[in-house]
Amino acid sequence: MNQRATLWFIVLLLTAVGLGTAVLRHTVTGLPWLPGEHRDLWLVEARVDFVALGEPVTVSLSIPDEIPGFTRISEQAASPGYGFALTGDQGDRRAEWTRREALGRQSLYFTASFLPEEGPAPGIEESVPEPEPVFWGDAEVTAATDLIAGARSTSSDARSLAREICNRFLAGGQNAALLRARNEDHAGLLDRLMRDAGLSTREVMALTLEDARRRQVLSALLEVHDGRRWLLVDPQRGIIEAPEDLLLWHRSENALLDVTGGRDSRLSFSMIRQSLPAEQIATEQHGDSLFATLGVHRLPIEEQSMFKLLLLLPLGAAAVVFFRVLIGLQTSGTFMPVLIALVFLQTSLLPGLVSFVSVVILGLLMRGYLSHLNLLLVSRIAALIVLVIFIISLLSIVGYQLGISTGMVITFFPMIIIAWTIERLSILWEEEGPRDVLMQGGGSMLVAIAAYLLMKARLVQHLTFNFPELNLVLLALILAMGQYTGYKLTELHRFAALRNRPES
Amino acid sequence: MIEMLRPRELRAWGMLGMNARNLDFIGRYNPRSRFPLVDNKLRTKLIAEQYGVPVPRLRFAVDQQHQVNDALRKLAELDGFAIKPAKGSGGKGIWVITGRRKDAFLKSSGASVELSDLSRHMSNTLAGLYSLGGGADTVIVEDLITADPIFDDYSYEGVPDIRVIVFKGYPVMAMLRLATHASDGKANLHQGAVGVGLALDTGRCASAVQFDRRIEAHPDTGADLANVAVPEWPALLELAASCYEMTGLGYLGTDIVIDRDRGPMLLELNARPGLSIQIANGRGLVPRLRHVESLGAGPHPSAAGRVSYAIGTLAAL
Numbered sequence: 000m001n002q003r004a005t006l007w008f009i010v011l012l013l014t015a016v017g018l019g020t021a022v023l024r025h026t027v028t029g030l031p032w033l034p035g036e037h038r039d040l041w042l043v044e045a046r047v048d049f050v051a052l053g054e055p056v057t058v059s060l061s062i063p064d065e066i067p068g069f070t071r072i073s074e075q076a077a078s079p080g081y082g083f084a085l086t087g088d089q090g091d092r093r094a095e096w097t098r099r100e101a102l103g104r105q106s107l108y109f110t111a112s113f114l115p116e117e118g119p120a121p122g123i124e125e126s127v128p129e130p131e132p133v134f135w136g137d138a139e140v141t142a143a144t145d146l147i148a149g150a151r152s153t154s155s156d157a158r159s160l161a162r163e164i165c166n167r168f169l170a171g172g173q174n175a176a177l178l179r180a181r182n183e184d185h186a187g188l189l190d191r192l193m194r195d196a197g198l199s200t201r202e203v204m205a206l207t208l209e210d211a212r213r214r215q216v217l218s219a220l221l222e223v224h225d226g227r228r229w230l231l232v233d234p235q236r237g238i239i240e241a242p243e244d245l246l247l248w249h250r251s252e253n254a255l256l257d258v259t260g261g262r263d264s265r266l267s268f269s270m271i272r273q274s275l276p277a278e279q280i281a282t283e284q285h286g287d288s289l290f291a292t293l294g295v296h297r298l299p300i301e302e303q304s305m306f307k308l309l310l311l312l313p314l315g316a317a318a319v320v321f322f323r324v325l326i327g328l329q330t331s332g333t334f335m336p337v338l339i340a341l342v343f344l345q346t347s348l349l350p351g352l353v354s355f356v357s358v359v360i361l362g363l364l365m366r367g368y369l370s371h372l373n374l375l376l377v378s379r380i381a382a383l384i385v386l387v388i389f390i391i392s393l394l395s396i397v398g399y400q401l402g403i404s405t406g407m408v409i410t411f412f413p414m415i416i417i418a419w420t421i422e423r424l425s426i427l428w429e430e431e432g433p434r435d436v437l438m439q440g441g442g443s444m445l446v447a448i449a450a451y452l453l454m455k456a457r458l459v460q461h462l463t464f465n466f467p468e469l470n471l472v473l474l475a476l477i478l479a480m481g482q483y484t485g486y487k488l489t490e491l492h493r494f495a496a497l498r499n500r501p502e503s
Numbered sequence: 000m001i002e003m004l005r006p007r008e009l010r011a012w013g014m015l016g017m018n019a020r021n022l023d024f025i026g027r028y029n030p031r032s033r034f035p036l037v038d039n040k041l042r043t044k045l046i047a048e049q050y051g052v053p054v055p056r057l058r059f060a061v062d063q064q065h066q067v068n069d070a071l072r073k074l075a076e077l078d079g080f081a082i083k084p085a086k087g088s089g090g091k092g093i094w095v096i097t098g099r100r101k102d103a104f105l106k107s108s109g110a111s112v113e114l115s116d117l118s119r120h121m122s123n124t125l126a127g128l129y130s131l132g133g134g135a136d137t138v139i140v141e142d143l144i145t146a147d148p149i150f151d152d153y154s155y156e157g158v159p160d161i162r163v164i165v166f167k168g169y170p171v172m173a174m175l176r177l178a179t180h181a182s183d184g185k186a187n188l189h190q191g192a193v194g195v196g197l198a199l200d201t202g203r204c205a206s207a208v209q210f211d212r213r214i215e216a217h218p219d220t221g222a223d224l225a226n227v228a229v230p231e232w233p234a235l236l237e238l239a240a241s242c243y244e245m246t247g248l249g250y251l252g253t254d255i256v257i258d259r260d261r262g263p264m265l266l267e268l269n270a271r272p273g274l275s276i277q278i279a280n281g282r283g284l285v286p287r288l289r290h291v292e293s294l295g296a297g298p299h300p301s302a303a304g305r306v307s308y309a310i311g312t313l314a315a316l
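Residue numbers (numbering that gives the first Met the number 0), protein chains in the order written: chain A, 0 to 503; chain B, 0 to 316.
Errors might be hidden in some of the hints.
[Claimed, not checked] Just the calculated beta-carbon pair ranges, DEER-fashion:
1. B:Ser111 <-> A:Gly432: 18 to 28 Å
2. A:Leu348 <-> B:Gly295: 34 to 44 Å
3. A:Met438 <-> B:His290: 54 to 64 Å
4. A:Val397 <-> B:Pro6: 47 to 57 Å
5. A:Leu348 <-> B:Arg100: 13 to 23 Å
By construction, these hints were calculated from the structure, which means they are not laboratory data.
Glycine included, each C-beta is placed from N, C-alpha and C at the ideal position.
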């Protein structure tokens with residue numbers, strides 16, 4: 000009893016560890032549970048054009064670091080002949096191109112991809128600068144004070160004050176119209192209004208995201224601090240709560256673009272929206288996390304595809320346990336059905352089934368003749384292996400000549416295992432008759448097909464490959480089934496003769 | 000229409016399922032190290048002789064391919080013998096030669112085989128064709144068993160044998176297996192042999208089945224199976240029960256034949272006895288097995304004591 004308790008404990012532990020790790024992997028790396036999940040990714044390319052003067056060139060471009068509403072996935076620079084480095088620290092990251100000598104038109108590219116985040120961006124703890132004092136012109140001062148006083152009266156805190164100022168500014172009342180008419184720079188005007196109302200602000204540059212746009216420029220926006228976090232303010236639209244289509248590119252005090260050794264510098268952006276499988280994004284994004292190190296994605300592609308098959312095997316093994324222990328099907332060779340199912344995975348079901356059955360039947364016929372030759376067992380099986388290879392080659396060639404490309408796929412079959420299967424079935428035929436051969440052969444096929452259908456399912460392939468720890472749950476399941484002492488399904492039929500037993 | 004029972008019904012009748020047998024009885028009471036003793040008929044025979052358990056007399060054994068020709072010379076001088084693979088299971092690879100016709104040997108099934116067939120059969124056996132893992136095997140040649148005439152009416156071919164399940168030394172269930180035309184002379188129930196469940200206290204027929212269906216008369220000879228009665232029943236059970244000490248296996252199937260001249264003899268042992276004995280008897284093994292488990296260690300140290308306990312108490316369960 001104690002032993003059984005230990006086993007159940009292990010089963011529970013394995014299940015908990017397997018599921019727990021999978022959930023953790025899902026939350027940490029964002030690997031999706033379901034296959035085929037796609038997420039939109041913005042690929043943004045910044046292009047710096049300038050005319051070099053034949054002197055040492057240094058181009059320094061401000062690039063985004065922490066962007067509200069987006070996660071940076073990757074970035075790279077394309078600029079032949081230039082040295083490239085990412086410099087700067089938090090709040091002021093810069094891409095820097097350098098070259099000893101350049102002359103004429105130059106184009107430098109910087110590409111980055113961004114993933115829109117779900118939910119509001121978390122606030123970042125920063126020191127907030129005190130608002131600098133604002134000086135208005137004579138004509139403006141009344142309008143500005145009026146506007147601010149009105150906004151203050153209909154607000155309760157910094158956040159609502161900012162909103163009210165925006166609303167009044169956009170609504171275009173008398174005061175706003177006057178101020179707008181006297182100022183070209185609306186962002187700057189709004190900035191001054193906010194500062195005058197005692198709000199901390201800073202000027203930022205943002206990119207409006209639109210699919211397949213080229214030659215876009217950054218627009219000047221504003222950020223206002225509401226006491227807890229920075230809010231993005233568009234002078235055309237007001238406060239932007241969730242900046243889905245606004246990518247904040249530059250926010251530091253320093254210059255956006257700094258070119259020495261060149262003139263006529265110009266910065267433009269192009270962008271496209273890409274739909275990528277969520278797994279790919281997750282692996283790129285978390286390439287250096289512990290999960291990635293312990294996952295199979297780090298391996299070379301060739302090994303990965305092998306692992307893909309390998310990680311499916313536990314499921315096949317579990318299916319065999321299920322069919323033998325709970326259902327009570329007979330199979331020839333305990334785990335041969337799993338191997339056949341693996342072959343079916345490579346050949347697809349119908350061609351695999353047809354070629355497998357024909358190979359076995361042809362092999363059985365040849366084995367029938369071999370038994371007349373009075374051979375020792377080992378040489379008989381060896382002969383059978385040679386014959387099986389001949390049969391398979393012949394079928395492949397015939398299939399190819401007939402234009403059935405699937406004819407070739409039967410070379411995947413494990414020859415030696417087929418030879419043994421034929422030998423066993425043949426002995427079974429001689430000793431127990433064709434009925435048992437059909438029973439065991441049919442049982443094997445049934446289990447193989449069931450295992451194939453399971454392993455073929457996209458969801459299953461996705462889960463076993465991306466969440467290898469789920470195989471621990473399968474292990475727990477196998478252990479649990481290993482303790483099943485109840486009746487098999489076939490026994491319910493087998494013992495049916497007892498229904499009309501004599502009462503004794 | 001496939002007839003199905005509910006698991007509840009089977010449990011109520013105390014039927015032992017394959018999984019429960021493997022896990023609760025074979026796994027728990029049969030130490031792995033003891034398996035070779037019963038999986039190898041030659042070793043069974045040797046240890047049985049050591050314990051004074053009667054077995055068919057061993058003529059000789061062949062374990063090397065080069066000994067086959069020598070063995071064939073010896074066989075040529077014999078009129079009747081049985082060739083068995085030492086590690087065979089389920090009666091596979093057993094040839095029973097009952098007579099001669101000039102140079103040919105007559106099998107119990109009536110087929111005639113040549114010396115060359117015997118040679119091939121021995122080679123196959125040595126190479127492991129019939130052994131469980133396909134490993135090298137030994138050929139055993141032993142004396143024929145002369146069937147007791149009391150079973151003449153019930154045997155179609157071959158000698159009927161009696162399977163007794165022995166649990167922790169107590170005989171718990173028994174059946175007589177009769178080869179039929181349908182089973183091709185083999186005493187294997189799933190091939191069509193008749194299984195006659197024997198009442199544990201008397202050794203008389205309790206019920207009989209063929210192909211898992213109840214029958215009243217032998218399908219080939221027509222003899223009424225209800226009249227089957229095994230003579231010297233307690234002695235036979237004692238022989239079966241003594242195999243417990245001999246092998247140390249808690250859950251054991253013993254196959255016993257009754258020889259006309261020598262009486263009950265141990266034919267072979269099985270560490271994984273089948274479950275169809277329950278169908279033949281029309282009752283499940285579980286109540287008796289659980290009862291024996293509840294007895295604890297050794298209230299009946301002698302085989303005779305265990306047999307009388309089985310006859311007196313277990314038979315009624």
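A quick look at each hint next to the structure:
Range check, B:Ser111 to A:Gly432: about 21 Å between beta-carbon atoms, so the 18 to 28 Å window is met. Between A:Leu348 and B:Gly295 the C-beta distance comes to about 56 Å, which lies outside the given range of 34 to 44 Å. In this structure the hint that A:Met438 and B:His290 lie 54 to 64 Å apart at CB is violated, the actual value being about 35 Å. Roughly 50 Å separates the CB atoms of A:Val397 and B:Pro6, a value that falls within the hinted 47 to 57 Å.
The given range of 13 to 23 Å is broken by A:Leu348 and B:Arg100, whose C-beta atoms sit roughly 54 Å from each other.
Consistency with the previously given hints fails for numbers 2, 3 and 5, ordered from lowest to highest.
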